[in-house]
Amino acid sequence: MAVAIAAARVWRLNRGLSQAALLLLRQPGARGLARSHPPRQQQQFSSLDDKPQFPGASAEFIDKLEFIQPNVISGIPIYRVMDRQGQIINPSEDPHLPKEKVLKLYKSMTLLNTMDRILYESQRQGRISFYMTNYGEEGTHVGSAAALDNTDLVFGQYREAGVLMYRDYPLELFMAQCYGNISDLGKGRQMPVHYGCKERHFVTISSPLATQIPQAARGPGYGIMSIRVDGNDVFAVYNATKEARRRAVAENQPFLIEAMTYRIGHHSTSDDSSAYRSVDEVNYWDKQDHPISRLRHYLLSQGWWDEEQEKAWRKQSRRKVMEAFEQAERKPKPNPNLLFSDVYQEMPAQLRKQQESLARHLQTYGEHYPLDHFDK
Amino acid sequence: MAVVAAAAGWLLRLRAAGAEGHWRRLPGAGLARGFLHPAATVEDAAQRRQVAHFTFQPDPEPREYALETQSPLPRNFEMGQTQKMNLFQSVTSALDNSLAKDPTAVIFGEDVAFGGVFRCTVGLRDKYGKDRVFNTPLCEQGIVGFGIGIAVTGATAIAEIQFADYIFPAFDQIVNEAAKYRYRSGDLFNCGSLTIRSPWGCVGHGALYHSQSPEAFFAHCPGIKVVIPRSPFQAKGLLLSCIEDKNPCIFFEPKILYRAAAEEVPIEPYNIPLSQAEVIQEGSDVTLVAWGTQVHVIREVASMAKEKLGVSCEVIDLRTIIPWDVDTICKSVIKTGRLLISHEAPLTGGFASEISSTVQEECFLNLEAPISRVCGYDTPFPHIFEPFYIPDKWKCYDALRKMINY
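Residue numbers (my numbering), protein chains in the order written: chain A, 9 to 384; chain B, 61 to 466.
Be a bit skeptical, because a hint or two may be false.
Stated by the list, open to error - Below, a sample of chain B positions facing chain A; criterion: calculated Cβ distance under 8 Å:
| hint | residue |
| --- | --- |
| 1 | D232 |
| 2 | G246 |
| 3 | L248 |
| 4 | G283 |
| 5 | S335 |
| 6 | P383 |
Said to hold, decoys possible - Computed footprint of chain B on chain A, listed as stretches where at least three residues anywhere in the stretch have a Cβ under 8 Å from a Cβ of chain B:
| hint | segment |
| --- | --- |
| 7 | 192 to 201 |
| 8 | 348 to 354 |
Don't read these hints as lab results, they were simulated from the structure. Ideal Cβ placement from N, Cα and C applies to all residues, glycine included.
Start from the sequences and build out the full structure, keeping to the hints where you can.
Here is the structure:
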C-alpha cells in the first residue's frame with residue numbers, strides 16, 4: 009500500500025534560513041514514469057464530487073462488503089488461428105505466409121526437435137553434463153522469432169533455443185556450447201544450453217529467473233498491454249508478436265504476450281517429471297496438441313509437404329545433427345587460462361596473480377588434472 | 061514512500077524560529093503558535109542533536125597536490141576554472157559533464173527528475189530533457205535490471221539507488237547479472253556502461269535503514285567495481301572514471317558529506333584512476349587506512365597521535381574497494397610495520413578483514429603488532445546509540461595507542 013505524502017508545496021532553499029524545510033511535492037496522477045504518450049487527464053478537484061479522489065485510482069465506491077475471489081474473474085481468452093488439426097479457423101486471421109517461410113518455420117522446429125533428442129541421449133550417456141529439451145514449446149520460439157526483425161535483441165530465459173535455430177545459429181555452435189569445447193563462443197564457462205550470439209542478437213542465457221516471470225494475469229494489473237495466445241499455434245504466435253512489435257515501436261510502450269503452451273519434456277536432465285504429473289497428461293499434449301504436427305497438417309493441406317519429403321528431411325536432419333555432434337565431441341576444451349579472462353574488461357592485478365598461481369600448481373600437480381583434453 | 065518521507069525528515073531542521081511558520085502553513089496542521097519551541101530555548105544541552113563525529117578537511121589545492129610524487133594525477137594536471145562545490149554539487153557537475161559529452165548517457169532512479177532527495181540531479185532534466193533524466197517506479201530490482209538492459213545495448217546507464225540500504229532487492233541483478241555478463245557470454249555481451257550511484261554511510265540519525273555501508277557484500281563479487289570518495293574533488297573525478305569505465309561500477313556517496321564537505325572543484329571533467337589508493341599524508345610509524353567519511357576521522361587521529369604521542373602516521377584513502385590497491389597498502393606497512401583499518405560497517409566480515417588477511421600474508425615479517433580494525437559493532441545500525449556505535453576518533457586513537465605500545 010503506497011503511503012502518499014500530503015505535502016502542499018515545494019519549498020526552495022531559502023538563503024535566510026540556514027536549515028531549510030524542504031517538502032516534497034507529489035502531484036496527483038503523476039506516477040513519475042517516463043512516458044512519451046500524453047499524460048492522463050487529471051480530474052478536476054471538486055469537494056462536491058462523490059467519486060474517489062485517490063491519485064491514480066479510477067474505481068468507484070461500493071457500499072456492499074464483498075471480498076474479491078481470486079478465480080472469479082473469467083480467464084483472459086486465448087487467441088488462436090489454427091485448430092488442433094492445423095486448419096485455419098478464421099481466414100481473415102491467416103497471415104498468408106509464403107511457402108518458404110512456413111517451411112523454414114517447420115524445419116527449424118523439427119531440426120531443434122532432432123537435436124534435442126540426440127543431445128538429451130548424449131547426456132544420459134555421460135557425454136555432456138546437462139541438457140534441457142524444448143519439446144512442446146517450439147512453436148513459441150519460431151513463431152515469435154519469425155515475427156521479429158533479425159536485428160531485434162532477444163533476451164531469453166533458458167528454453168528458447170528455437171529462436172536461435174530460426175536465426176540459423178549453426179549446429180556446430182549449439183554443440184560447442186554444450187560440450188564447452190574450443191569453438192564455444194562462451195569460452196566454456198557455462199553449463200549446456202546457455203547459448204548466446206552477438207551476431208544473431210541473442211543475449212547469452214543466464215540461469216537465474218530474476219525478472220523473467222511472465223504473468224499475463226498481472227499484465228493488466230501492471231498497466232501493460234497484454235494478450236494471451238495459443239503458443240502451440242505458430243501463426244497465432246506470429247500474428248500476435250508481429251502486431252505487438254509494431255505497436256511497441258510505434259507507441260513506445262511495452263506489450264506482454266502470454267503464450268500458453270505445454271512443456272512436454274522433463275524440466276532438464278536432472279528431472280523426472282513423472283514424479284509430479286501424469287503420463288496421460290503428457291501424452292495428450294504430445295499426440296493431440298503439438299506445434300509441429302499442427303503446422304505439418306497445415307503444410308500438407310496446402311500441398312507444400314508430403315510423406316516422402318518428411319521421411320527424407322528426418323533422415324537429413326538427423327545426419328546433420330550427428331555429424332555436428334561427433335565433431336564437437338572430438339574437439340579439445342579451451343585453455344584453462346580462459347578461466348580468468350573477461351571478469352572485467354581488463355584483468356586486475358590480483359586475478360593475474362591467481363592465474364599465475366594456478367599455472368605453477370599445474371606444473372607440479374598437472375598429472376591429476378585432465379589437461380590432455382584442454383587446449384595447450 | 062516512507063523513504064521519501066525519511067529523506068524529507070532528514071532535511072527538515074527545526075532550529076530557526078521561522079520553521080514554526082512553515083509548519084503552520086501546512087494544510088490541516090492546526091497547531092497552536094509556539095507549539096514547537098526553537099531549539100535555542102531548550103534548556104537541556106544533552107538533548108541537542110549531536111555534532112558530527114568528524115571535521116571535513118579539504119585536500120590542499122589539487123594543483124599543488126598534483127605536483128607531489130604520490131599523486132595519481134598527471135604532473136601537468138591543470139585545474140582550470142574551479143568553483144566551490146559541496147559533494148552533491150560535485151556529483152551534479154560530473155553528471156552534467158557526462159550527459160554533455162556522451163549522447164547515450166541517461167540518469168534514472170526514484171525521484172531524480174525533480175532533482176533528487178539529495179539534490180544530486182538538480183537542473184539536469186531541464187537541461188537535457190525528460191528522455192535523459194527520468195524517474196523509475198519504486199523497484200530497485202527494476203532500476204538495476206533496466207540499467208543492465210540499456211547498458212547491454214550500448215547506452216551509458218547511470219542508475220541511482222536512493223539509499224545504499226535499499227540496494228538489496230537489486231543484489232541478484234548486480235551479482236548474478238551485471239557482474240557476470242561479460243564473463244558468462246565469453247565477452248560477446250557486457251554491461252560495462254552501467255554505473256549505480258547510491259548515498260552511503262552514517263548521517264547522525266539515519267538508524268538501521270539510512271546509514272548502512274554495504275561495500276563488503278559487493279567486495280565478494282568479481283566483475284563489478286566499488287568506489288567510495290572522501291570529498292567533492294575526489295567524488296567528481298572518481299564518478300567520471302566509473303561512468304567511463306568499461307565495467308559495471310557501484311559508486312557510494314557519503315551522504316553526511318553532501319553538504320558538510322565543500323571545496324574548489326574544476327568545472328571541466330577530469331578523471332581520478334580507479335583501483336589506486338592515495339597516500340594523503342606520509343608517515344613512518346603507523347599506517348591508517350579508511351575510505352569515505354572515515355578518512356577524515358583517521359586524519360584527525362593522525363594529528364592527535366602526533367600531538368599526544370609523537371607518533372607519525374601514514375594516512376591512506378583506499379578509494380576503490382574492489383579491485384583494491386594491495387601494493388600501496390603493503391608498501392606502506394612494510395615501511396611502518398603497523399596497520400589500523402577503520403570503517404563504519406560492522407566488524408565481522410567487513411572489508412577490513414580482507415585487507416588485514418592479505419596484508420598479514422604479504423607483510424607478515426614486517427608487522428610489529430597485530431593489525432587493528434576499528435569498526436562498527438556487529439549489530440544493525442542503531443538510532444539513538446549512534447554516537448556509541450561509530451568508530452570515532454577516540455576509539456581509533458585508543459587502538460593506535462595500544463598498537464604503539466604492543
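Checklist entry - If you check each hint against the structure, which ones fail? => result Hint check: nothing fails, all pass.
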